[in-house]
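A.B. asks: Protein sequence lines, in the order shown, are assigned to chains U and V.
Residue numbering for the first sequence is 1 to 270, as defined by the numbering used here.
Residue numbering for the second sequence is 1001 to 1150, as defined by the numbering used here.
Everything labelled a hint here was simulated from the structure, so no lab data went into it.
Treat the numbers as computed from the prediction; the structure is a model and nothing was measured.
Note that the Cβ used here is the ideal one computed from N, Cα and C, for glycine as well.
Each hint should be verified, as a subset may be incorrect.
Derived SDA-like pairs: lysine to any residue, alpha-carbon spacing no greater than 20 Å straight-line [what the hints assert, rightly or not]: (1) U/Lys-130 <-> V/Lys-1113; (2) V/Lys-1092 <-> U/His-111; (3) U/Lys-101 <-> V/Arg-1029; (4) V/Lys-1119 <-> U/His-67; (5) V/Lys-1053 <-> U/His-67; (6) V/Lys-1113 <-> U/Asp-63.
If you only want the chain U side, here are some residues facing chain V, beta carbon under 7 Å, derived [claimed, not checked]: (7) His-55; (8) Glu-56; (9) Lys-66; (10) Glu-72; (11) Trp-96; (12) Tyr-173.
Now for the letters of each chain:
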Amino acid sequence: MSSTLIKCFNVAKTVSVVAFKSLLTTPRSQLPAWSQAAVGSLQKCGVHTTAPVRHERLMEFFDDPKHWSENEVKVGRAWRPDELRIKSNKELHQLWYILLKERNMLLTMEHECDDKMEIFPNPERIDKVKISMENLETVVRERNRAYHLLETGETGERPQKQMHNAFGLRCTYKSCEHVLPPFMNTKWIKSRNLGYGGRAVHKFLLKYREKLYNVKRKAKNRSRNEVMMILRRNPHFDIELLKRKYSDVDIEKLRRTDKARGHFVPKVDG
Amino acid sequence: MSTRWYPIYQRGNPQLRVFLPNFWMKLVRPTEEQPANVVTFAVSTEMTKHDVKNYLEKIYKLPVVTVRTRIALGETKRDITYGYVTKKDDVKYAYVTMPKTEAFTFPDIFVNKAEQQEKEEKSLDESKAGFRKFLDRNKKRPGTPGWYSI
Chain U
1 MSSTLIKCFN
11 VAKTVSVVAF
21 KSLLTTPRSQ
31 LPAWSQAAVG
41 SLQKCGVHTT
51 APVRHERLME
61 FFDDPKHWSE
71 NEVKVGRAWR
81 PDELRIKSNK
91 ELHQLWYILL
101 KERNMLLTME
111 HECDDKMEIF
121 PNPERIDKVK
131 ISMENLETVV
141 RERNRAYHLL
151 ETGETGERPQ
161 KQMHNAFGLR
171 CTYKSCEHVL
181 PPFMNTKWIK
191 SRNLGYGGRA
201 VHKFLLKYRE
211 KLYNVKRKAK
221 NRSRNEVMMI
231 LRRNPHFDIE
241 LLKRKYSDVD
251 IEKLRRTDKA
261 RGHFVPKVDG
Chain V
1001 MSTRWYPIYQ
1011 RGNPQLRVFL
1021 PNFWMKLVRP
1031 TEEQPANVVT
1041 FAVSTEMTKH
1051 DVKNYLEKIY
1061 KLPVVTVRTR
1071 IALGETKRDI
1081 TYGYVTKKDD
1091 VKYAYVTMPK
1101 TEAFTFPDIF
1111 VNKAEQQEKE
1121 EKSLDESKAG
1131 FRKFLDRNKK
1141 RPGTPGWYSI
């Protein structure tokens, strides 16, 4: 995933580099400025007093103080994928950090509320942020896939393939990179015991498949019986509706069965 | 870093490039008394000390001197009726030391809670009294709509 993300940002290299620098790197010149500010604030309130010291940057982990004792905090909805698609890479990058900080803030507040046995107002805010972040990630992924398909003809995603695990069941195997190529890595490949075999596994598979088959068989019988009972109780039922609802049942054949006939003398033509 | 999958090698430097980190961090109230410049965080269990440091320095622009971490075992609890055991998730705690010039005490969030609650109860009582008044007024004229008299 990360490689994909990286390559997406390579598309608009200049943009992403600017965003990256502005958001991720800390200019050295700023460091003394904070400490000076902090010293100033300390001198005002005094270090050894018990009065709460509010650290400017750490207060980003807390909600706005005017929401602290509220029972309800009104917020908007989550970001939708369509809204995110029209944003540039830089804007998405900035939005990610805004959402990340928001989530950390909400988690902190939730934790503190739980600790103090208070009700956390509007807990769905966390879900909204989570949905927004998921949507943002899918949008970045889409762009990345498009870029890769255009440039290399491949999706650029982590390669996956369907394999049988040790129990003989199908599963997706996500490939990962190795230092050695496969022809040099034979010992390790052998040690993984890919594939399956042995009497116990065959016995398990036999029973497992029987179980799956029984589920299928019972579902089929159930729908067949349902159709027959409907036909028995309502001889003039809408056949098209039945066909639509029970597409796997041969209704024409069932109509002629004895069970589907009600307690009346059938009309004989001619 | 993040919880995503990373390639062993990629062209160009730096090798480790993180654009969308997905780790979370909670600022929690310390259980034991700490020096003024030490802040306690609950963090994603996958995070290393370096991750915590970079996260705070780069995203929150917070000066960090050292980070110490521990993983707290989640509580196990046996069900009273059926006897099965449930376990809460393990949590990683990071004790972040800032420079001596910095100071932070965990704020008391629910200072005004009682006051707020009193205010709300008052307004609720007021509306209750108003409704009672309305009922009293309409006691002798059943069936009259509420807007009939001023």
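A.B. asks: For each hint, tell me whether it holds in the structure or not.
C.D. replies: So, going through the hints one by one against the coordinates:
1. U/Lys-130 <-> V/Lys-1113: violated, 28 Å
2. V/Lys-1092 <-> U/His-111: holds, 14 Å
3. U/Lys-101 <-> V/Arg-1029: The given pair, whose Cα atoms are some 18 Å apart, holds under the 20 Å limit.
4. V/Lys-1119 <-> U/His-67: This hinted pair holds, its Cα atoms lying about 16 Å apart.
5. V/Lys-1053 <-> U/His-67: violated, 29 Å
6. V/Lys-1113 <-> U/Asp-63: holds, 15 Å
7. His-55: holds, 4 Å
8. Glu-56: This interface hint is violated because 10 Å lies over the 7 Å limit.
9. Lys-66: violated, 10 Å
10. Glu-72: At about 11 Å, which exceeds the 7 Å cut-off, the nearest Cβ of chain V leaves the hint on U/Glu-72 violated.
11. Trp-96: holds, 5 Å
12. Tyr-173: This hint is violated: U/Tyr-173 lies away from chain V, its Cβ roughly 14 Å from the closest one there, beyond 7 Å.
When held up to the earlier numbered hints, the structure conflicts with 1, 5, 8, 9, 10, 12 and fits the remainder.
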